[in-house]
Structure formats: C-alpha cells, structure tokens
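Full structure from sequences and hints, please.
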Amino acid sequence: MEFNVTAALFAALTVVIYLLTNSFYLKYRKTFLNPVLASTAIIALILVLGNIPYDAYMTGGSWIGTLLGPAVVALAIPLYKQRDLLFTNLLPIVSGIATGVAVGMASGILFTQLFRFSEELILTVLPKSLTTPVAMQVASNLGGIPSLAAVFVMVAGFTGYIIGPVLLKWLHIDSAIGRGIGLGTSAHGMGTAKAFEYGQQEASMSSVAMTLSAVLGALLGPVAAWLLLL
Amino acid sequence: MKIIYILLQLLAITGFYLLGEELQAFFNIPLPGSIIGFLLLFAALMLKIYPLEWIDSGAHFLLAFLSLYFVPATVGVVEYGELFSGKGILLIPIVMASTFLTMAASGWVSQYAAKASTERKERS
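For the record, the sequence lines run as chains A and B.
The first sequence begins at 1 in the working numbering and counts up by one.
The second sequence begins at 1001 in the working numbering and counts up by one.
By construction, these hints were calculated from the structure, which means they are not laboratory data.
Think of the CB as a built atom: it goes at the ideal place given N, C-alpha and C, for glycine as much as any other residue.
The reader is advised that the hints may include incorrect statements.
Claimed, not checked - Cut-off 25 Å, straight-line C-alpha distance, at most; resulting in silico cross-link-like pairs (SDA-like, lysine to any residue):
no.: 1; chain 1: B; residue 1: Lys1121; chain 2: A; residue 2: Lys27
no.: 2; chain 1: A; residue 1: Lys30; chain 2: A; residue 2: Phe158
no.: 3; chain 1: A; residue 1: Lys81; chain 2: B; residue 2: Lys1087
no.: 4; chain 1: A; residue 1: Lys27; chain 2: B; residue 2: Leu1063
no.: 5; chain 1: B; residue 1: Lys1115; chain 2: A; residue 2: Lys30
no.: 6; chain 1: B; residue 1: Lys1048; chain 2: A; residue 2: Leu86
no.: 7; chain 1: B; residue 1: Lys1121; chain 2: A; residue 2: Phe158
no.: 8; chain 1: B; residue 1: Lys1115; chain 2: A; residue 2: Ser175
no.: 9; chain 1: B; residue 1: Lys1002; chain 2: B; residue 2: His1060
no.: 10; chain 1: A; residue 1: Lys81; chain 2: A; residue 2: Gly199
no.: 11; chain 1: A; residue 1: Lys27; chain 2: B; residue 2: His1060
no.: 12; chain 1: B; residue 1: Lys1087; chain 2: A; residue 2: Ala44
no.: 13; chain 1: B; residue 1: Lys1121; chain 2: B; residue 2: Trp1108
Said to hold, decoys possible - Pairwise CB distance ranges (calculated):
no.: 14; chain 1: A; residue 1: Pro53; chain 2: B; residue 2: Met1096; range: 27 to 33 Å
no.: 15; chain 1: A; residue 1: Pro53; chain 2: B; residue 2: Ile1029; range: 16 to 22 Å
no.: 16; chain 1: A; residue 1: Ile162; chain 2: B; residue 2: Met1001; range: 40 to 46 Å
no.: 17; chain 1: A; residue 1: Ile163; chain 2: B; residue 2: Tyr1050; range: 36 to 42 Å
no.: 18; chain 1: B; residue 1: Gly1081; chain 2: A; residue 2: Glu119; range: 19 to 25 Å
no.: 19; chain 1: B; residue 1: Ile1029; chain 2: A; residue 2: Leu110; range: 26 to 32 Å
no.: 20; chain 1: A; residue 1: Ala56; chain 2: B; residue 2: Phe1065; range: 36 to 42 Å
Laid out in structure tokens, this is it:
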C-alpha cells in the first residue's frame, strides 16, 4: 500500500503546484510565467534536489496523464461551436492549415536531417506544431520521445506567441483569417492566446486551426514518417 | 446537481475516448485513439445523434485544466538534460525556424484563398 501512497502524493503535488502557478499566471499575465513551464521547472527541481527518479514520480504522474486522451476528445466541442465559421470559410481554412502542417513537417524533417540527428529525434520534432496532447500521442506512435516532443511543442508555442506578430506584419498577413490560421496552425494554444489579443475573429480562426491541424497532423504524421524511412 | 451532470458528461467523453481506442486497436487504424474519439464525437454532434447539452459542461470542465494533464510528461525532460547540453541544443533554433515557415505558409495561403473567393463572389 505504501507504493500507492507515494503515487497519490506525487499526483497531489503536481495538481497543487499547477494550481498555484496557474493562479500566479492569471494574476500577473506574463508569458514567462506560463503554468506548464513553471510547474515543470518546480517539479523537475524537486526531483533533482530530492534525488527522486522520474519513474518513481510517474507512478502518480501517469494518473494525471490519463486525462489527456479524453481531453483531446473534448476538443470536438469548441470546434462544433465554431462550425458555422468553419463551413462558410471551408476552403481558405482547410487549404491554409493543410499547407502549414505539410510545410511544418517537411521543414522539420529537412532541418533535422541536415544536422544528422537520429531518426528518433526527427520523429520527436515532427509533431511540434500540434497541440501537446496530440503531439505526444503522435510522437509515441511514430517512435519518438513523447516528453521531449512536449518540450518542442512548447518551443514552437513560445516562438509563435512572441515573434509571431512581427512575422505576420512583415509578411503583410493582416486579415483575421490569415492571422488566426497562421497563429493556430504553427503555435496551437499559445498562438490562440496571442490571436485573442487581435480580436474575437482571429481567436476563433486560431482555435479552429489548432484543432484541425491536430487532426490533420495526426493523419499526416505516419505518412511523413513513412516517407522519411524510404 | 451540477456536479452530477459534469461527472456523467465526463463519463460520456471517456466513453467516446475508449470507443476510439477500441476501434483503433481493432482495425489497426494509423491514428491515435483519442483523435478517432474526437472525430466520432464531432460526427455525432453534427448529425444530431448526440445533443450538445449532454456533453457541454463536462467538456468545459475537462478543458479548463487541459495544460495540467501534460505536466507529468513534460517533467520527463529531466531525463534529457544531456541532449540539450550538446548538439541537441540546435533542435531549438530548428523548431523556431520551422515554426516561422509553418506560420508564413498557413497564414499566407488562407489569406490569399479567402481574398480570391470574395473576389470571385463579387464578380459573379
């Protein structure tokens, strides 16, 4: 039973630290206070200082992780609520997202191959533009490393959030659809948070892009991996 | 009462998820089971087989804490410290560059396609 007590403690610790960092973030609204980043850093520090192996932590941590699957399913609800927006702009939305996902995966493979990274790492970088729960699942299905994939997803998210507006301006992408689809396809939830700052239309477009690119990415991932292995 | 609704709706969402996982395993579909569950739920809502009110508050509750669920996995990065002290650090600018290209391509194509379709509508 002692085993289960530690597992429960690790799960509870994760929830408490997350809720604390989240309320801190909601209060100060600074990008670098991102609750995932802050919780990860604090828990990682506890593990390192306490000399606790990651596997021991995951006896409880994995309990929380099981919610990822149902959460992905639940993303169908926000998409369903945006269905009118989606179906009236179906062609521009889908063509933009499909191009973005393909360009993202192709450039990811190209750049990592250029520097001769292992196949495992290439497959880990591949789903970086997808929302974290889907990216982790795709990475693990293809033979990549899910926890590292989550790190690259965050790098992509921060890149889009911080440098995205500069890039959009520079490329004269100035319509609600262009901004929203660009941010959501490349930087998932973080991009959508930035899209909110432009306005409601951008935000809706971005959240549609985030969800659809996740579905498309999950479909395209195995194809890209297969092409890579040729 | 609200809590009971939310719990029942969470069970329904889990049901769609497990159905997706089962279908994935049975037909050996190269898509994550969660995405199959997502597509099933979206289709059920679109076809009015499953009413939105029976799942809305559960989904809202579940998604409110979405980023919590991947914290345990991201903590796993402690096992890869070595990678980022070497050549692996290059993966960061690689991901950034690829993110720029993704944003440029998707944003530009959708903006262009939207303009083209409004122009077509105006001409006709």
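Cross-check of the supplied hints:
Between Lys1121/B and Lys27/A, the direct Cα distance comes to roughly 46 Å. Violation of the 25 Å bound is thereby established for this hinted pair. Between Lys30/A and Phe158/A, the direct Cα distance comes to roughly 12 Å. Compliance with the 25 Å bound is thereby established for this hinted pair. Only pairs whose Cα atoms come within 25 Å are accepted, and Lys81/A paired with Lys1087/B is rejected, the gap being roughly 44 Å. Proposed proximity of Lys27/A and Leu1063/B is supported: the alpha carbons are some 20 Å apart, at most 25 Å.
Proposed proximity of Lys1115/B and Lys30/A is contradicted: the alpha carbons are some 35 Å apart, above 25 Å. With a C-alpha separation of about 18 Å, the suggested pair Lys1048/B and Leu86/A falls inside the 25 Å cut-off, and the hint holds. Proposed proximity of Lys1121/B and Phe158/A is contradicted: the alpha carbons are some 38 Å apart, above 25 Å. Annotation: proposed proximity of Lys1115/B to Ser175/A holds, straight-line Cα distance about 9 Å (limit 25 Å).
About 13 Å separates the Cα atoms of Lys1002/B and His1060/B, which keeps this hinted pair within 25 Å; it holds. A C-alpha spacing of about 17 Å is found between Lys81/A and Gly199/A, which places the hinted pair at or below 25 Å, so the restraint holds. Between Lys27/A and His1060/B, the direct Cα distance comes to roughly 21 Å. Compliance with the 25 Å bound is thereby established for this hinted pair. Straight-line distance between C-alpha atoms of Lys1087/B and Ala44/A comes to about 22 Å, which keeps the hinted pair within the 25 Å bound.
Annotation: proposed proximity of Lys1121/B to Trp1108/B holds, straight-line Cα distance about 20 Å (limit 25 Å). A hinted range of 27 to 33 Å holds for the C-beta pair Pro53/A and Met1096/B, which are about 32 Å apart. For Pro53/A paired with Ile1029/B, a C-beta distance near 35 Å fails the hint of 16 to 22 Å. Checked against the given bound of 40 to 46 Å, the beta carbons of Ile162/A and Met1001/B, roughly 44 Å apart, stay inside it.
At roughly 41 Å, the beta-carbon separation of Ile163/A and Tyr1050/B lies within the given 36 to 42 Å, and the hint holds. Checked against the hint of 19 to 25 Å, the C-beta distance between Gly1081/B and Glu119/A comes to roughly 22 Å, which is consistent with it. Under the hint 26 to 32 Å, the C-beta atoms of Ile1029/B and Leu110/A, about 28 Å apart, fit the expected range. The hinted window of 36 to 42 Å between Ala56/A and Phe1065/B is violated, with their beta carbons roughly 24 Å apart.
Consistency with the previously given hints fails for numbers 1, 3, 5, 7, 15 and 20, ordered from lowest to highest.
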